[in-house]
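Asker: Each chain, written out:
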Amino acid sequence: MTTLLWLTVPYVAFTSFLLGHLWRYRHDQFGWTTRSSQLYESRLLQLGSPMFHFGLLAVLGGHVLGILVPASWTAALGLSEFAYHLISVSLGTLSGLATVAGLAILLYRRITVPAVRRATTRIDKVMYTLLTAAILSGMLNTIGGNLVGGGYDYRATVSPWFRSLFTISPHPELMATTPISFQIHNLLVLVLLAIWPYTRLVHVFSAPLGYLTRPYVVYRSRGGVLPPNARRYVRAWDVSTRT
Amino acid sequence: MRVMAQLAMVMNLDKCIGCHTCSVTCKQAWTNRGGVEYAWFNNVETRPGQGYPRQYQDQQRWKGGWTLTKRGRLTLRSGSRVKRLLNIFANPDLPTVGDYYEPWTYDYDNLLSAPPSDTTPVARPKSQITGADTTITWGANWDDDLGGGPEQISRDPVLAKISAQVKLEFEQTFMFYLPRICEHCLNPSCAASCPSGAIYKRSEDGIVLVDQDRCRGWRQCVTGCPYKKIYFNHKTGKAEKCTFCYPRVEVGIPTVCAETCVGRLRYIGVLLYDADAVLAAASVPDDQDLYPAQLGVFLNPHDPRVVAEAERAGIASEWIEAAQVSPVYQLIVDYQVALPLHPEYRTMPMVWYVPPLSPVVDVLAGTGHDGEDAGNLFGAIDALRIPVEYLAELFTAGAVAPVRAALERLAAMRAHMRRVNLGEPARPEIAESVHLTPAEIEAMYRLLAIAKYEHRYVIPNAAAADAHRLDALASGCSLDSDGGPGMTAFDAADSKFHLTASPADTNGAAAPVDKARRINLLDWDGKNTDGLFPPVTANGAEHVPERTR
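Quick note, the sequences are listed as chains Z and R, same order. Residue numbers for the first sequence follow our numbering, beginning at 29 and rising by one. Residue numbers for the second sequence follow our numbering, beginning at 1492 and rising by one.
Honestly, I wouldn't trust all of these hints.
What the hints assert, rightly or not - Some chain Z residues flagged as far from chain R (calculated, every beta-carbon gap over 10 Å): (1) LEU88; (2) THR157; (3) SER165; (4) LEU168; (5) LEU175.
Stated by the list, open to error - Simulated pairs of lysine-lysine, BS3-like, Cα-Cα distance not exceeding 30 Å: (6) R:LYS1652 / R:LYS1506; (7) R:LYS1574 / R:LYS1561; (8) Z:LYS153 / R:LYS1617; (9) R:LYS1726 / R:LYS1574; (10) R:LYS1726 / Z:LYS153; (11) R:LYS1943 / R:LYS1506.
These are calculated hints, taken from the structure and not from any lab test. The model shown is predicted, which means the values in this text are computed figures rather than measured ones. Backbone N, C-alpha and C define an ideal beta-carbon position, used for all residues, glycine too.
Based on the sequences and whatever the hints tell you, model everything.
Answerer: In structure tokens, the structure reads:
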């Protein structure tokens, strides 16, 4: 069971994540979009969306620091376990709360605004459920586990396990003893990663940082639009044009 | 000097009757799809009026186009690149669908499927956004013909720049139509706003397009365009815009809006311009200098140095020749009767307008004066200060002189041509007063009034030659390459656009085989009945001709 959950599942999820993105990028450029619903409703979105996205970016940064960076590295920088704990709990709670509040506004909007609700697809619903569950369970770990419950040093178990997956010497047994709330959070995130490439979440990977450096006006030659014998992309949105 | 070619359009507003044929044919061709129900790549708005989307000209609110920084550098009105990336999660300056209008259809099925009842069933309006019952409160041309009265008209952002006393007088005297498409600007702020770099200007013909595969739906371009001519497809999550009907102009035929224009008021031609001069011209400090600055960017295609530079830049000789006979160049540069729409947005728009003189003539005629007399007309243009001021807010950032000059040329043309048509002795001073020769006035008259198809549209064949190759690629099969099993397939573009009487032309396939022998009732003389009825066979049954392909 330990092997299945903490060895097979993560590798299946990573494979789906990687190959799925590769497949989608090659075959569905036309479907690769944020699918923004701001055209329908702007006021609530302007309230919730920045809060959610910026909060999530901070949360992501926290995960990089807590999961990918080994405890020994931060210790070498002179950061004591107590100081790390203080930083992670305070900033983590703050950004987590912003994320949850933003998400709540966005979900409220998605459910109550008829146009937005109608534009929600089935995969959207699956994705929103998983995303909400993952964020709430993570919030529970930060607040319940670390703030109220006296702290759990995930950097001794979860983090080494996660890193071990990438060094081809996985240690699934590290996860066996972790609290159930951490296990649930991990599993939810793994499933979310597995379906990621098939949802609108792909827009994360088109973050337009190149905009900061490119010239304002882009010129392109007519000849460059259609390379000879180019395979046309499958138009996922319109069945009638499929060939 | 870096010579580039641009396909540009001029619309003669005197001739626009506001029939919306251009809008409808454009919609049928391009936006007759889900997700862009609310989008009109071509729309016709009544001026004064709010326009579409409502009050789009209020850039304090919508932040479209360019502006100058304190140090005089050109920057997007919606903010720096960093600021705009920080706004990417929620664009604070984005119009919502209500600012355009909520598209609707009718529940026609109810007319047939309603159960028997005492009342007549009705087709109720249904929102195409939510699918629910809706109340229609606005449309793309809701205030057409000054509909809605002063309450709606007074919300015109252009009118707001003119004083209150002027407004009242204005409403009693003046109305005209303004058809709008994408301006295909030399300095497109939509392209500059696109975080993904999906919007590009084609280097061959200057058409501004959205790469549907590279657009990621950040919707910054909608804000960036001050003319609000980029639309967000809410089904596909991608931006869409007027394409200048590139599949048509590539094979040398005009855009759908121009082709179907009832008033024949649109002109399409090539302009050569100096791409290196665009930035400086768009950055001149005074808004009112932008129109002359843009004129300065255009190059004289008859100048041998320009021709040499154009050839060096790889512009095909067909394009240079087309630029030399371009109706657009004549109207913009030679006669200077065409003006840009809102040059103060600093995008260097490339769809220009001949301002309407007819409202002035109407007022003259209405007050019992001779509306064709040069003296009367010149006086009226000055006396009717209000229309000229309004036109100046639209076309020259408020500078009255160029608008007055253009109207005076049109007035001189009227007066001169009436003398010619009535056989009265010519009065050369009419032409002189607007710095034209009688011959030039008559040439301008032929271009504006006679407006032959081949004079209105000078779209170079070089594009056609190239497009044949591209079109065959787009619609053909990858096996059609040289030596491939499908190589017998010949150029698909020919038959598609009926450029040649090709045997592959299957347009008539649905017609009966004996169509040629049948009587056309439209010109039937009422005597001969041959071909009026199907032939009767020996056993009395009607002979039904077999259909073959």
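Asker: Each of the hints needs a verdict: does it hold here or not?
Answerer: Tested hints:
no. : hint                  : verdict
1   : LEU88                 : holds (14 Å)
2   : THR157                : holds (21 Å)
3   : SER165                : holds (24 Å)
4   : LEU168                : holds (25 Å)
5   : LEU175                : holds (28 Å)
6   : R:LYS1652 / R:LYS1506 : holds (26 Å)
7   : R:LYS1574 / R:LYS1561 : holds (17 Å)
8   : Z:LYS153 / R:LYS1617  : holds (25 Å)
9   : R:LYS1726 / R:LYS1574 : holds (28 Å)
10  : R:LYS1726 / Z:LYS153  : holds (17 Å)
11  : R:LYS1943 / R:LYS1506 : holds (14 Å)
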